[in-house]
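Asker: Heads up: the sequence lines are chains A and B, in that order. The letter at position 78 of the first sequence is residue 78 when you use this note's numbering, and the numbering goes up by one with no holes. The letter at position 160 of the second sequence is residue 160 when you use this note's numbering, and the numbering goes up by one with no holes.
No wet-lab data here; the hints were simulated from the structure. There could be a bad hint or two in this list.
With a cut-off of at most 27 Å between alpha-carbon atoms, the simulated BS3-like pairs for lysine-lysine come out as follows [to be verified]:
1. B:Lys133 to B:Lys250
2. A:Lys150 to B:Lys202
3. B:Lys296 to A:Lys234
4. B:Lys202 to A:Lys272
5. B:Lys250 to B:Lys271
6. A:Lys337 to A:Lys234
7. A:Lys184 to B:Lys250
8. A:Lys337 to A:Lys326
9. A:Lys150 to B:Lys217
10. B:Lys133 to B:Lys202
11. B:Lys217 to B:Lys202
12. A:Lys326 to A:Lys234
13. A:Lys150 to B:Lys133
14. B:Lys250 to A:Lys180
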Amino acid sequence: MRSLAERVYVWAILLSGVAFAASRIGLLGDAGWLHWLFLAAALGAVAVLAVEANGLKFGDNRLRRYALGWIIAAAVALVLWAFGQKQVQEALPFLTAQRRIWGALEPFGLYLAGLFLTFMASLLVIGTLDPIADRPRPIERTLIRRLPAKVAAVPMVMVALGIFVGATLWTVYHSFTSSKLLPKSDFVGFDQYERLWATNRWIISIENLAIYGVCSLTFSLIIGFCLAALLDQKIRFENTFRTIFLYPFALSFIVTGLVWQWLLTPEFGIQKIVRDLGWTNFTFDPLFNADIVIYGILIAGLWQGTGLIMVIMLAGLRGIDQEIWKASRVDGIPMWKTYLFVVIPMMRPVFITALVLIASGIVRVYDLVVAQTSGGPGLASEVPAKYVYDYMFGGQNLGQGFAASTMMLLTVLVVLIPWAYLEFGGRKRV
Amino acid sequence: MSDLAVNAPAVAPETDVAAPRGPRPTRALSRRNIILYGTLIVVAVYYLLPLYVMIMTSLKGMPEIRLGNIFAPPLEMTFEPWVRAWAEACTGLNCDGLSRGFWNSVRITIPSVVVSIAIASVNGYALANWRFKGADAFFTILIFGAFIPYQVMIYPIVIILREMGLYTTLSGLVIVHSIFGMPILTLLFRNYFTSIPEELFKAARVDGAGFWGIYFKIMLPMSLPIFTVAVILQVTGIWNDFLFGVIYTKPDNYPMTVQLNNIVNSVQGVKEYNVNMAATILTGLVPLVIYFVSGKLFVRGIAAGAVKG
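Chain A on its own, in the form it takes in the complex (with noise of 0.2 Å):
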C-alpha cells in the first residue's frame, strides 16, 4: 500500500515535469519557477516519509549505489547546464560554435538535475524504510527495475508527450489566438474558425477533399479488393503481376503528381492521341478544366495508392479458410455469392485497416496536388493540407493555418474515434 506521503510525492513529481513542459512552452508565463515548487512538495514528501521511518540511516542503506548513480545523472545534468552559461563559453571556446543549442538546453539541464536529485533523496530515504528486499515500494519500483529499459524509453516518451501530444495541444491553443507573423497567446475565442469557414479558398479545399476522399475510399476498396480476388485464383505469374500493381506504390506522390500531369497535358498527352486516332472533337483535359481537376488528381492518387490496398485484401484472402471454399461448391454457391456474403464479411477487420489507412492519407494529401496542379487552375483543386502550408509558411498568418490544421485533426478524429472503439474497446487486447 501507499502512503499518503508517497503519493503526494508521485504526484509532486508529474505535476512539476507538467508545470516545466508548460513553462517551456510559454503557457505559464511569470509563474514559470511553478516546477520547482512541485520538487519542493517531492522533497517536502520525502522528509516526512524519512520521518516515518524514524529518521535516516546511511550507513546500512543498500540502495545508496542506486543513489550515487542518480549522483553522477545529476551531475551529468549540471554540466549540460553549466554549457549554456556564458562565462563557461568563454573559458571553453569549443563551444561557442553551437552555442544556441547549448542555450537551448540550460533549463532542461538544471531542472533534469534538480529532479536527480530528488530522486537521489528518496532513494536514500526508501532505503531506510524497507531494509529487507523482498518487496520494493512504489518509489523503488519506478527509479531502479528496469532502468536500462526505462531510459532506452525515454525517447519514445519525450517523442509521445513531447511532439505528439504537446506539440497538438499547442497549436490547438493557438489557433483560438490571433497570431499573425508571430505566434501569440491572447485567447480571441472562435474568431479564426468565423473567418475560416468564411474563406471561399477554404471551403473549396474542403469540398475537393470530400470528392477526392469518397471516391478515393470507395475505388480504391473496390479496385484493390477485385485485384486481389483475381489474384488469388491461383494464377501462373502471381508475383508479377502483384509487383507491377505495387510499383507505384514505391514512387513519391511527386514523381506520381509529375508523370500524370505530363499524361493529361492537352497538348501531348492522352487528348492528342485519341483525337489523332480519327474522334477530333474528344476532350479529355482534367487539369486545366476547374469542373473536373479533382478528378485528375484522383487518377493520379488511384494509380499510386491501388496497389497498397491489393497487398492488404490479398492478405486477407490468403487467411480465409480453405474449407469455406469448398463448402460454398458443395452447396453450389456461385463463387461471386461467396465473395459478396461470406468472404466479404469474414474480411471486416481488413476493410476496416484499409478503410482506416486510405482515410488517414486522404488527409494529408498535398504533394500530389503541389506537383500536378499546385492548386490550379485558380483555386479549383485546393485541398486543406495546403491551405494550412500556405498560409503557416507563405501568407504569413498563423492563425488560419493552426485553425485550419486544427479542423484538419478533428477529421482524422472522427473517423480514428470509432475505430479505435472497434478494435480496442469491445475486447481487452494488448
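Since chain A is already given, all that's left is putting chain B on it; use the hints.
Answerer: For chain B alone, coordinates are given in the frame of chain A:
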C-alpha cells in the same frame, strides 16, 4: 472492369482449390482463363503505361516530342535529357541540376535511417521484453500519433528547431524524420521481438546478461530480416518525402523531391518535357530499384505497417 473481376471466377469454379490427385485437368485456353488473364494484362498495361511514357519521353529530343505521340518509341534515341537533368537543369539561380538534390537526399536519408532504426529497435525491444508500468500508455499515444495530420505538429517543431539553431539545416530534418518514423518502426520491432520465444530471453537472463547484453548478443543477431524491412521502409519513405523537406530546409539543402518539383513546375523558360521526365525518373529511381530488388521484403514491410497486431 470491376464487374468482370468479380464474375470471372464464377465461370469454371471446378478448376481450382485443392484439386484431386494427379495432373490438373485444365485447358490452357478455357474461357475462364482468357477472361482472367485478359483482365490482369489490361490492368497491368494501365499500371505500366506511365512508366513507359516517362522513359520514352526522356529519350526523345524536343522536336520529336512536339510532333509526335507520347506512346511512340523514340526515332532518334538521345541520352542528352538525362545528362541535362542530372547536371544542368535550373532551379532559381542554381544550374547544377538534380545532382545537388540527389546528394542532399543521400545526406538526409542515411543518418535518418540509422538514427531512427537505432532508437526504434531498442525501444521496441524494451517494450517487448522489459515491460514496465506506463510503457503501454506511451506506446498507444505513439501509435495514435501516427494518424495525427503532420500539419498540426509542424509549426511547434519549427519553433523547437529554431530554438536549437537547427532550423533549415540537414540535422534538423534528420531529427524530424527520426521523430515521425518512430511510431511505425517501434511497432514493427515490438511485434517482431514479441514473436521471438521468451525462453531465449529467460535463459540469457539466468546466465546473467543484462538489458544491453541481451539486445546485442541475442536479439540483434536474430533480427536481420526485420532490420532489412525497416531499412527498406525508411529509405523509401524518407527519400519520397516532400512536406518535411520543403518546410525544414532551405533551397541549398532541398532534398531531391523538392528540387524536382521546382525544376518541373518552374514558370520561367521553355518547358523541356524530355528533361523533366528524365529528372522525374532519376528521382524515382532509388525507391524503384529498392522495390524491384527487395521484392517480398518490401511487401512484408508495408504489410507489417498496415495490418497491426
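Asker: Are the Cα positions of Lys337 of chain A and Lys326 of chain A separated by 27 Å at most?
Answerer: holds, 14 Å
Asker: For the pair supplied as a hint, Lys202 of chain B and Lys272 of chain A, confirm whether the alpha-carbon distance does not exceed 27 Å.
Answerer: violated, 69 Å
Asker: Holds or violated: Lys184 of chain A with Lys250 of chain B, Cα cutoff 27 Å?
Answerer: holds, 25 Å
Asker: Compare the distance between the alpha carbons of Lys133 of chain B and Lys250 of chain B with 27 Å, and conclude whether the hinted pair is satisfied.
Answerer: Since the Cα atoms of Lys133 of chain B and Lys250 of chain B sit roughly 42 Å apart, the hinted pair is violated (cutoff 27 Å).
Asker: Verify the proposed pairing of Lys296 of chain B with Lys234 of chain A, using a straight-line Cα cut of 27 Å.
Answerer: holds, 18 Å
Asker: With the threshold set at 27 Å, check whether the alpha-carbon distance from Lys150 of chain A to Lys202 of chain B stays at or below it.
Answerer: The hint holds at about 19 Å.
Asker: Starting from Lys150 of chain A, check that the Cα of Lys217 of chain B is at most 27 Å away, please.
Answerer: Holds, because 20 Å separates the two Cα atoms, which is no more than 27 Å.
Asker: Would the hint linking Lys250 of chain B and Lys180 of chain A be met if the CA-CA limit is 27 Å?
Answerer: With Cα atoms ~22 Å apart, Lys250 of chain B and Lys180 of chain A stay inside 27 Å; holds.
Asker: Hinted pair, alpha-carbon criterion (27 Å max): Lys337 of chain A, Lys234 of chain A. Please report holds or violated.
Answerer: holds, 19 Å
Asker: Going straight from one Cα to the other, do Lys150 of chain A and Lys133 of chain B come out at no more than 27 Å?
Answerer: holds, 10 Å
Asker: Are the Cα atoms of Lys133 of chain B and Lys202 of chain B separated by 27 Å or less?
Answerer: holds, 20 Å
Asker: Quickly compare the C-alpha distance for Lys250 of chain B and Lys271 of chain B to 27 Å and report which way the hint goes.
Answerer: holds, 25 Å
Hints 1 and 4 from the earlier list are contradicted by this structure; the remaining hints agree with it.
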